[in-house]
Structures are given as C-alpha cells and as structure tokens.
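This is what each chain is made of:
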Amino acid sequence: MTKGIVKGIIANLVIVEVDDPVSQNEICMIRHSEAELMAEVIKIGGNLIYVQVFESTRGLKIGAEVEFLGNMLEVSLGPGILSRNYDGLQNNLDTMKGVFLKRGEYTDALDRSKEWEFVPLVKKGDEVQAGDWLGEVTENRIKHKIMAPFTLEGSWKIESIAGKGLYTINDEIAVLNGKDDSRLPVTMVQKWPVKKPLKCFRNKLRPFRILETGIRTIDTLNPITEGGTGFIPGPFGCGKTVLQHAISRQAEADIVIVAACGERANEVVEIFKEFPELEDARTGAKLIERTTIIANTSNMPVAAREASVYTAMTIAEYYRNMGLKVLMLADSTSRWAQALREMSNRMEELPGPDAYPMDLPAIISNFYSRAGIVKLNNGEYGSVTFIGTVSPAGGNLKEPVTEATKKAARCFYGLSQERSDSKRYPAIDPIDSYSKYLEYEEVQKTLTELISENWLDMVEYARDIIKRGKEVKEQINILGDDGVPLEHHTLLWKSEVIDFVILQQDAFDEVDRMCPLERQKYMLSKVLSIVRADFTFQKFEEVALYFREVINLLKQMNYAPFQSEQFKGYEKQLESHLKEKEVVYE
Amino acid sequence: MNKKAFKKIYTKINQITKATCSLKADNVGYEELAIVDGRLAQVVKIMGNEITLQVFAGTEGIPTNGEVMFLGHPPTLRIGPDIEGRFLNAYGDPIDGGPELTGEEVEIGGPSVNPVRREQPSQLIATGIAGIDLNNTLVTGQKIPFFADPDQPFNQIMALVALRTDADKIILAGMGLSNDDYLFYKNTFENAGSLDRIIAFINTTEDPPVERLIVPDMALSTAEYYASEKKQKVLVLLTDMTLYADALSIVSNRMDQIPSKDSMPGSLYSDLAKIYEKAVQFPDGGSITIIAVTTLSGGDITHAIPDNTGYITEGQLFLRRDTDIGKVIVDPFRSLSRLKQLVIGKQTREDHPQVMNTAVRLYADAANARTKQENGFDLTNYDERALKFARDYTEELLAVDVNIKIDEMLDTGWRLMAKYFSKNEVGIREDLVNKYWPEVKK
Ligand SMILES: Nc1ncnc2c1ncn2[C@@H]1O[C@H](COP(=O)(O)OP(=O)(O)O)[C@@H](O)[C@H]1O
Ligand SMILES: [Mg+2]
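In order, the protein sequences belong to chains A and B.
Numbering-wise (my numbering), the first sequence opens with residue 1 and increments by one.
Numbering-wise (my numbering), the second sequence opens with residue 1 and increments by one.
It should be emphasised that the hints constitute simulated quantities derived from the structure, not laboratory data.
Small disclaimer: the values here were computed from a predicted structure and weren't measured.
Do not take every clue at face value.
[Unchecked claim] Capping the alpha-carbon separation at 25 Å, the derived lysine to aspartate or glutamate pairs in DMTMM-like fashion look like this:
#1 B:Lys45 <-> A:Glu348
#2 B:Lys346 <-> A:Glu279
#3 A:Lys97 <-> B:Glu104
#4 A:Lys423 <-> A:Glu471
[To be verified] From the derived model, a few chain B residues whose C-beta atoms are all more than 12 Å from chain A:
#5 Arg86
#6 Asp322
#7 Glu439
Note that the Cβ used here is the ideal one computed from N, Cα and C, for glycine as well.
Make the full structure from the sequences, and use the hints.
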C-alpha cells in the first residue's frame, strides 16, 4: 500500500506527498487524531497528490499519515440494498450510532448475517460470462439475481453451484473455472467502482416505449421512455421536488433509486416517513419495498455529494442487469455541479463559465449516458431511466448547468415561475418543454398501439390549441377584451380548459395525484370534444363565465375516482351544461 | 478568550491582507483558533508550515512583528444555565454588563444530524398574522427567511412573531445589527417579561464585519444544546443574513478565490445550507426553528444571496408595502411556506387549503384586472368585484398588523368570497362550499 504525508489543507482539499505510485480517483484514509477520514484522489501533480476529503478536516494537521487503499470509490452490490437509507458513500444511515453524524463512522451497506433463500439458475458445467445470472433470491418482491462477477473476462465454466437453500451474502454460492484452470469462488456480493459504468450487457437500444408516470402533462404531452433521460430545471419553489416525489411514488418502475443530492434534509425525511406507509398502486406492496434512498443533504460533506449521484447510478445499473425497469431520480444535479466547482476553485484550476470547471459539460453528458434500455446477454431487457432536477441560479436557464444538461437529456420539463406564481401546478411550461422521444418512430408506434390510433394527432391538436390560446392572451393584453373578436375569447377559454383539466394536477389530492394512461386518454378525448365544438355566445363576458363552470365540472371529475358514481354524476352535469350553448349540427 | 499557559508565541507575520494574515508555524490544526496581536483569528489554510489566518476583527494596524499564539482548539462557547437571558458578543463574551459565563466549554459548528434521526416537522406555529398563519403556515423545525427591502420593519415583525410563539427559548443572532435595532430587541424582550427565554449573540454595525461569521454557529450550537439535550422548542432569529454573506465574500475575495455570481464565493450555497440545515425536529419533542432575514436590494430575488437562500430554506415570507392600504403585507404571490402541507387541513380546519388557494387565486384575478385598468381597458363586472375583494382581503388578512386565530381567518376568507362572488365562481370542492358558505343577507 502506498503511504503519504499531509502537506497542505484548504477546507476539504488536502495535499498529500507520496513516494510510491497512486492512481487517479484512488481512495485513501487520512489518519486524523480523532478519526480516519476517507478521501479520493482528484489530481496528481508529481509527488503531490490532491485529495478531496469526504468529511470535515477540522483539527487535521500537517504530517498526518495517509494510506492509499488501491481501489477507487466502490459500492457493495448484493441483496439487501432495497429499502435502505444510505449516505452518498453507501453507508447505512440507520445503523449509525447517535443523533449526530460522527465523522469517520463508516457502516456496512449490507446485512452480512441475514440469510437469503437462494435458488440456482445454472448448473455445473454451464458456461457463463460477466453479469450472467447464476441464481436468484427474493428481495422484497423482486427476484434479485446473483450475477457472475462483473470483472470476469471471457467465458468461465461452473465448477460448482450451491443448491437451493439459505445463505448469507458472504457464503460461497459458486465456483467458476477460467481458461488457465484458474478457480474463482463467488459469493452473493460484489464491489464495483461508482465512476465506471457497469456494462455486461449485449447492446444498448434506442428507447421505444413510454414509462408511465401518472402525471398528465408528462405522459400525455411529453412522455419519457423506459431507459430515457429527462431533466427538470426551475427556480426555487416552482415544484421540482414535489414533481420528483410524485414521479418516484407513481412511476411504473420495478425499482426506484432516489438520490437526494445537496438539498433539504426535511424533504428526505418526508420520503423516510411516507414510503413505508404508501402503497405502490400497481403491486399493492409498500413503496419503500422497491425504493433505495441515497441521502447526501446540503449540510453533509460536499465531496460526498458528488459521490452520491454516482453511488445511486451504480446501484441503478446493478438492478438493471437483473432485467428490471429501474428509475433513478436526482435532486438536484446543480448541487453536484457546485460541489465540483468548489473543488475546482480550491485547486485554482482555470475556471469556465460562472467559475464551473471547464469539463462540466463532458461530466454531465457522461453521467446521463449511463441511462438507457439494454438487451442483456440472455436476451432480457433492463433499463435505467434517469430524471434530474436543475436549480438554475436566479432562475435563469442560460447558465452552465442547465445548458450542459440540455445537451445531454432528451426530455426537458421546464418549470415556469409564472405558472408557479399562479399556482398552476405542476408548473411545467407546456410550450417550451419537450420530449425528443416523440420524434422516435418506434415510440410513436408503441404509443399508438398502447393508447389509440389517433393519439398522437390528439396530442398535437391539444398542443396547438395551447399555443394559440397563449397568442390570444397576448393579443388581449395589448388590445383589450373588446379589441379582439368573440371567437378569440372562445379559443382562449378552450385552451384554459386544457390547461386546468389536463395540464394542472393536484399532487396532494388522493385521487388526482395519479392519473393512469387509460384515464388520461379518456379525459383528453372529453376535453378535445369540447374544444372541437362550436358555441353560441353573444358577448365575451359570457364566455369566461360559461367555461369557468365547464372547468369546474371537469375538475370535479378529476377529483373523483375514475368511472365512480360521483365521476359519472359530474359528467352528466357537464353534458347538460354543454347543451346550453353548444351548436348542434344535424 | 481564555489563554492557556505554555503556548509558543510567534512574532513573524509574512503577509497581511484586509481580513487575513500568514505566518510560518508548526503543529497547527485546521480551523484552530489563534490570537493575532490580541485579536481572535482562525486557521483557514495550511500549506506546509505556512499558515493563513482569518482575523475576525480585521487586520488594521497589525504589525509584521505582532504576537501570534495558537489556542489548540476550534471556536468554543461556554453553555450553562447562566447563559439564559444574556446578551453576548460574537465570541460569546457578555455585553450586558453581567458576569462572565461559567458553563461547560463546547465546540461550535459541530456535525449535522443524521437525516434518519430526524422527525418530520409537524407542530404548527401560530403567529396571529394571517399572511403567515393562513397563507404560509409555519411549523416547528422549519427554516424560513423574511425577504424584505432594508426599509421594511422586519426586525419589529420578527420580534413580534418570536414573542407570540410558545418557544421555550428564543435565540437572537444579530449580524450587522444597527445599535438602535439591538436596543429595540433588548427593550422589547425586557418589556415582554420574556428575558429568561432569550439568549442573544450580537454583532452590530460598529463591530468588524468578519466577526459576523461566527455568530450563526454560536447561536445554533446554543440552540442545539437546548433542543437536543434539554428537549426544548427553540426559535432562532438570524438577522441579517445578507450581511453575513457579505462578510463571507470579504474573506473569500481576500483569499484570492474565484468569485462566482454577484462576487459571492462559489461555496455560498454550502455555507448558507450549513447554517439553515441546523433547523430540525427531534423525535423526542425538541426542535430548532429558524426565522431569518435576508435583505434585498430593490426587491431583486435573483441576486445570489436571496437566490441561494430560497433554494435552501423551506419557503420565504416576502414583505412589501401595499400602496392601496398603506400597510406592510406578506405578499401572497412571492411568499411560500413549503411545510404548510404538513399541518393545514390536518391541525387546522379541513377547509384551510381550499380557502387559502382560492383567495390567492381571486387576488391574482384582481392583479390582472389592475393591469388591464392601468393599460386603459374596460373592466368587466367580474374584474370590478375581484378588485373590491382584493382590497378587503389585503386589509383584513394580508396586513401584518392582523392578530387573529386561524379559524377566524378562515371565516373571514369565506365571508369575503361570499360577499363578492357566487359559489361556482370560486370553484371550491362542493362539500366544503355546502358546509361553510355563509348565506349573505343582501
Ligand atoms: N403539483 C403540485 N401541486 C400542489 N402544490 C405544489 C405542486 N408542486 C409544487 N407545489 C407547491 O410548491 C411548493 C414548492 O415546491 P418544491 O417542489 O419544493 O419546489 P422546488 O423543489 O422547485 O424548490 C410546494 O411546497 C407546494 O406548496
Ligand atoms: Mg426542491
């Protein structure tokens, strides 16, 4: 092991002098008089090594000993990750002692004593490669695959495989034979460096099917796909976190990995408290059963904040390789970028725009490229869908993190201050936002098959009305209510119907918060039939009054369980209200 | 500060900037305190044996042969029963003429709470101000600033709010407080007979700005002691965090760090978060609630200080003078309490969320009507009614001089809605309308 001596300290940047070899991103431990502090190599300049410390350096002195561990920052992968609450370095927060985080306290990510019911999936003599499934255990409700070591090269033969039975993660469950008669014992746990994408699949595909979120303005207007990428930029208070929490609760995923990256602790506590109670509408299981939380809140060490998103992504890739649909969420990726900026400034590197490091766009795009839908070696699909939030300084989208993310992510859910101010939640701007996946032929095809033949036309029509409604609003602002023709008022209010009934959705209402695709289709058809209809109005004042009631009834429908008596009741009222003014062409 | 015996004394300072100085010394710990020419300083950088110190009181007049002595520990405070009711300076030394503190010496700026050991904030804090209780309900364990231009009476409102809450301890952290405001707080707390629940750390405009940097840690370490060990409900008042951030930028600029937006240090977000995240609800009842002030210039919330603050705190209370009624109000558009969801309609009446939202929406309609009016367009009958509603709403609910119970705020909301609008214009859930809509006598 290479050893070194501390030569300089600036906050959490420590400079270490070494004589022996050290590699970039290698982990080392700094011997502080009170605790061992973990750090990561971030720059090497001759025999001076710059490391970022994952803890407070208070009290550290020149001359302290440093030991390099020979590995990069790694996570432990094995059964028992689900339902865990980890910090950014995968320490189990629940097994830490005391109320306050003590520096230098590192806890095991996995329970080493728990026994799992192992079922073999291969037999003696079978050939396997890195990542192939050797067996499975049931973790919560998920078939957790035990995979051949991800570091294997070429093809290996199964020398022995454990029979069905109870094993701990440290027990040997298989022995593999390599080309030159090398023997490799295998357990249920393996390690992987977080900054290296976990591959071991046959190929990456273009996303081709929607990942349902239950949020109308996303699924209907700008759907995200399984294995897709998206980002949510928005000024503070516009609803990034509420939206991400809604997605994490409702999305049609097998596994959800939530990275709370440099944001409020209370928001994570909300997940800690609610997820063990709330049910996954699709499986009836508690939400926590499919969820892992990586919490590095804003008051936790900055360097570990950077690590937290990688830790989360690696865990996501691990479950993807089991053939599962994984959704990873990070709130907020700007805090991660800021952590990079803090270090880069301390190292006095040449700064790029807004003092962020020059290579920020490359770092962001590399990270987003780890998402995707893949075909595994056995022909099964697995996917990581990634959605990050961005917190632009001053709410101005022309800043480095937003711009770099825009190049990397394919869905853009821009939150608008104006919509948020007028409580039009979720405040996703319907005109500026986009999903590039709508341009994918394969996505168009699956959407049509899944929903209906004319679905895409309906959505485009709705989008067009929203745009025209906005134009009319601007005209009215300039010309006044009297200054535009009556039809313009009707058009404006038709676009308001779409806004209030389709775009807006109450994240805190038991019923409205989650709208399955089938219901989205029903409501969009309903709304569009109103938009397409002609109405007879005498003066513009009537228009607003009339449509307010239309909106009111449609909203009551949104609040009522789908196709319930209540729902149908409001629908009836709506029909009769429509008859009052609707022009019927015989 | 107490000087310990047998400390090595250095007398050769190599470099002096406005806020820092450097010298060669050995065996120094990071963030350790030192005395430089009689002034308190803290280690901010170590390169080999070259130590850079941040001198809290500024470096004016420090000679290159000034005496430097290292204290061997980071900043500390003596906490014990005799701290209650006291007014202290940034270093925790009395400024009220009382005796020195004798409590146990504790390190300030300690570690953060393990998030899994937190409880979800859940206890409503009633202030009597409808702009807060009705529209932006506060909860224990929350952190929230007032955003206000310097000419707004935020200190008065903070003192009022603090005294109306049932906090066991009120800890005032004054940073760049004018002497008049310091005396205002002192008198107000004394007159309210609440002195025994007050502890104040004060840096006034007469004190050096860099000293402000230790004030929040002093206040919050004290708060942690009472909330965590004594299980008390603690309210911390931080005023003015903009002046705190200014002090941060002074130091980082002196250390040649590359400034980011608005010449603030790139670490501003982390620096502020470390303070605000001390707000916490413990499972056993103890809590730290932080109410802060961030002064704005010309109402600009995109400036780096309010902007970063907004990303950290659980909402903001935006103060503004309403020209129609000539009173200060809590602006319903730009204010937000992110934790209100946890209590409204649960610890308050079921109609709270809907009344709150609907009234704000109608107020927004009035704002649109006003724009129309200003542009010289005719108003519709609805516009006229919205304007009248807004005026009553401002006077009876938004003004900060309101002091009523939450049920009364809700009743007022219904009364004003019914006065100007019909049931289907307000769009509130039918069962609530049936229950609470007052039948107006025409
Ligand atoms: N979909 C929604 N429905 C209702 N209220 C919402 C919604 N989204 C956001 N809000 C309101 O906005 C506040 C701030 O949202 P949040 O997601 O925390 O903002 P951000 O993360 O962008 O700072 C919430 O506390 C809530 O009051
Ligand atoms: Mg947020």
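*Would you assess whether B:Asp322, listed as outside the interface, keeps its beta-carbon beyond 12 Å of every beta-carbon in chain A?*
Its Cβ never comes within 12 Å of chain A, the nearest being 17 Å, so this holds.
*CA of A:Lys97 to CA of B:Glu104, is that 25 Å or under?*
Judged against 25 Å, a Cα distance of about 24 Å means the pair holds.
*Is the straight-line distance between the alpha-carbon of B:Lys346 and that of A:Glu279 25 Å or less?*
Cα-Cα ~21 Å, so holds.
*asked:* Does A:Glu348 sit within 25 Å of B:Lys45, going by the straight-line distance between their CA atoms?
replied: holds (14 Å)
*asked:* A:Lys423 and A:Glu471 were given as a pair; does the straight-line alpha-carbon distance stay at or below 25 Å?
replied: Holds, at about 21 Å.
*12 Å cut-off, C-beta based - B:Arg86 kept clear of every residue in chain A*: holds (25 Å)
*Taking the closest pair, is the beta carbon of B:Glu439 still more than 12 Å from chain A?*
B:Glu439 clear of chain A: closest Cβ-Cβ about 21 Å, beyond 12 Å.
In summary, this structure violates none of the numbered hints.
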